[in-house]
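Asks: Now for the letters of each chain:
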Amino acid sequence: MSHPENATEFLKDQAKAKWHDETLWFVRDKRDRISKTIPEWEQLRDLASQIKDNVLVNLASYLEDFERNALQNGIKIHWAADAEEHNQHVLRILQEKNCKAIVKSKSILTEECHLNPYLEKEGIEVVDTDLGERIVQFLNQPPSHIVLPAIHLKKGEISDLFHEKLQTEKGNDDPYYLTQAARIHLREKFLGAKVAITGVNFGIAETGEFVVCTNEGNADMGVHLADVHIACMGIEKILPRRKDLGVFLRLLARSATGQPITNYNSHFRSPSPGKEIHIVLVDNGRTAQLAREKFKNSLKCIRCGACMNTCPIYRRSGGFSYGSTVPGPIGSILSPGLDMKKHSTLPFASTLCGSCSDVCPVKINIHEQLYEWRQEITKTHGEFGKGLSMKLANGIFKSPLAYKISGNLMRAALRALPDSMIYHPLNTWGKSRNLPETPTETFQQWYQKNRP
Amino acid sequence: MSSREKILAAIRGVSSESKSLPEIPDFRLSGDLEEVFRQSILGNKGEMLSKAEFKKWIPCMNFQKVISLSAHFRTTGNLTLPEDPHELEDLGLAILDGQFGVAENGAIWLEDTNLGLRALPFITEHLVIVLDRSKLVETMHQGYDLVGNAHSGFGLFIAGPSKTADIEQSLVIGAHGAKSLRVVLV
Amino acid sequence: MENFKPNVALFIPCYVDQFYPKVGIATLELLEKLGCKVSFPAGQTCCGQPLANAGYERDTIGTTRHFVAIFKNFDYVVAPSGSCVLHVKEHSPRVPSLEKEQKELHDKVFELTEFITDILKVERLEGRFQHRVGYHASCHGQRGLRLASSSELNQIPFNKARKLLGNLEGLDWVELDRTDECCGFGGTFAVTEEALSIRMGRDRLEDHLQHQVEIITGGDMSCIMHLEGIATREGQKIKFMHIAEILNQAIT
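Residue numbers (our numbering), protein chains in the order written: chain E, 1 to 452; chain G, 453 to 638; chain H, 639 to 890.
It is worth saying that the hints were derived from the structure and are not from the lab. All values derive from a computational prediction rather than experimental measurement. Honestly, I wouldn't trust all of these hints.
Stated by the list, open to error - Straight line, CA to CA, 20 Å or less: simulated EDC-like cross-link-like pairs of lysine to aspartate or glutamate:
{"id": "1", "chain 1": "E", "residue 1": "Lys121", "chain 2": "E", "residue 2": "Glu84"}
{"id": "2", "chain 1": "E", "residue 1": "Lys16", "chain 2": "H", "residue 2": "Asp845"}
{"id": "3", "chain 1": "E", "residue 1": "Lys36", "chain 2": "G", "residue 2": "Glu590"}
{"id": "4", "chain 1": "E", "residue 1": "Lys30", "chain 2": "G", "residue 2": "Glu620"}
This is chain E alone, in the form it adopts within the complex:
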């Protein structure tokens, strides 16, 4: 399904769509307010952007530094060219440890690699321990937001789900009660897991350490009780220096949820005696994106989710409407790089309003890249046949208004299209909107008459 179709579906439940919009707007508003308490906020964004620029230029040597230092600290490093290899590394470690059940904290990378189904096929129980992720895992859904995985669900739905899965009281939808039920359920999982998986927020080249941030403490509960910690890390997560964390930790939580910092910010440098830490360094399309001059700086993303919270489209169409692991504006510039055909409608799911670029803590020019992806996608017009570009052209040309607006200019493009499409009887503009009244004369005519 294309984004417009999914969005139309989402908007059918008007009350829920309104709630979704208002809930995320509330998060954005919190972010606005806290960012304005930091006088140097814009300077911090500049610094973060510059540090990440430097990382992208020197990524190879920083990765080598990171690896060397991590090895020295007793951490094991695995490199994965793609999702498949990433999953194989993880599976191999689990098999070596004879491990049949793991706990995993939030990692968008493992979502991207579809690690859970891969491991489950091998008979391994994977328990997502972030509350929101556990909720969507029970429902067999992916997260609909990278920071707020269950933001598309109302507490009544979660209450029903927990009643079924965790035997909570029927109809009790008190968030505290439901969270306590999850706490008891997951505590058992934490205590039983021999291997724990986490994502990585930042990897530090000069020390070989990596940082994981959570509010729930679920990443730490998992890894400190397990014998083996596997950290799955995209190669772009590198920062050069420890002190760079000062900049990024000031920006991350404030941008994400409007809080001054996440309550737990763990720096892993070497394993506890008798335990193991593994890092899987994953490419999976990142080096290809790095090679695309116009799109490379999408790799600066620190996965704060601020662009989702601010996006007027995301708020009103929900994370699932994008059909990609990372939804929202940043997803719409990352996903076409992974599969342009599949994600061809995403760069058009935007008014190019630019709010995403203004909230981005690392100053990715997201809306400009959306514009650039449009230019790329339309080039494949022929290749994809009746793909997006045709649909899009259809949308334009079946609107007499847009047709009139585009005037002479459109004629060049019109030559390429069949008449049936141009003279489509439906008028999309006019379904819920009136056309302006047509004046008796145009401005040009008025001018010629009145200012000869």
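Here the structure of chain E is known, so what remains is to put chains G and H in place on it, guided by the hints.
Replies: Relative to the frame of chain E, chains G and H by itself:
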């Protein structure tokens, strides 16, 4: 070619002009350091106690199992650190010393030496961190200056109790880790 | 100001020409009142924005060449549209052999309110407009041309339109709940994502209606056309005016 070589070669194959690493200014805060820190902890849903308040609070709670690694409260605990953190499953309270606190956000730095077991501040039902009030800094930048190049296998900033807002954005304190954080300034 | 009589070319966006000639007239008269020598170069067409935003920027080279030819010889080019000005400055394709002219032109193309505040340096306008006015910030003007501070950024608040409207006697400037959220027009977005576009437009309208706005104004008729289209379909009594119309009416 191994994946490692493939990835590094692919990165090196991208030509780009050099971009220098910026120096990070020493951003500061205005206001009374201790008051800003207090407000930050409260904002993170932690609590602030004086030493006296803390001494009054402890008996009220009737903790069965308490571990104290704090130099300030050596005799308050009734349990020694086990080897296996799983044995801490029903720990009621852990009392730890923090190394320093960051006023702008209430983050308190602890390392392996403060933690005993890395699981301790998470698995305990309640957590108390004792902090020398002279060890408050303004922002994270000064925080990382203090961390410096010290080599600890594990270090972390704790800024509040375990919390979540994953159900309709309603804030719930006590997700998986400690259900409360109390900070005692000494 | 007395000696400064800039030679201004009016750049009238195609949809303004076709549907809103009154906005073109207001812009012309307003600039004349402010002491400009204004002309409307003949042969103007669409700037190419709809095609470019739909992913066909490469097909607008001819249009762009035409644009440069028409406007290159003026001191300034002024349009009652932030969106079209942004397109000309940022998204018109580089035309081989015209780079120099293009660069010079981009530096002298202005949206109406920024031209009045930044080039004509008008500090305050004297006039009367006794209405409760809600301002719709078009995204391309707001975040593209930075005609106003954006709510996302930590910066000193400013708004060029408000600077001009704010001094008019009797004008009641309404603070909205969401000061600069997109209305959902978005060019082709309005038809390719019709459901979202309408929802966004309704939400913007509601914000104005809740605050008892009488007249919604803004710097881009494209957003206003969209909002007005929804409002009239739904029988709302709220009125719409381009900021040029208000200013021109107020300072007679």
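Asks: None of the hints should be skipped; say for each whether it holds.
Replies: These are the hints, each one checked on the structure:
no. : hint               : in the structure
1   : E:Lys121 x E:Glu84 : 14 Å, holds
2   : E:Lys16 x H:Asp845 : 19 Å, holds
3   : E:Lys36 x G:Glu590 : 17 Å, holds
4   : E:Lys30 x G:Glu620 : 15 Å, holds
Hint compliance for this structure: every hint is met.
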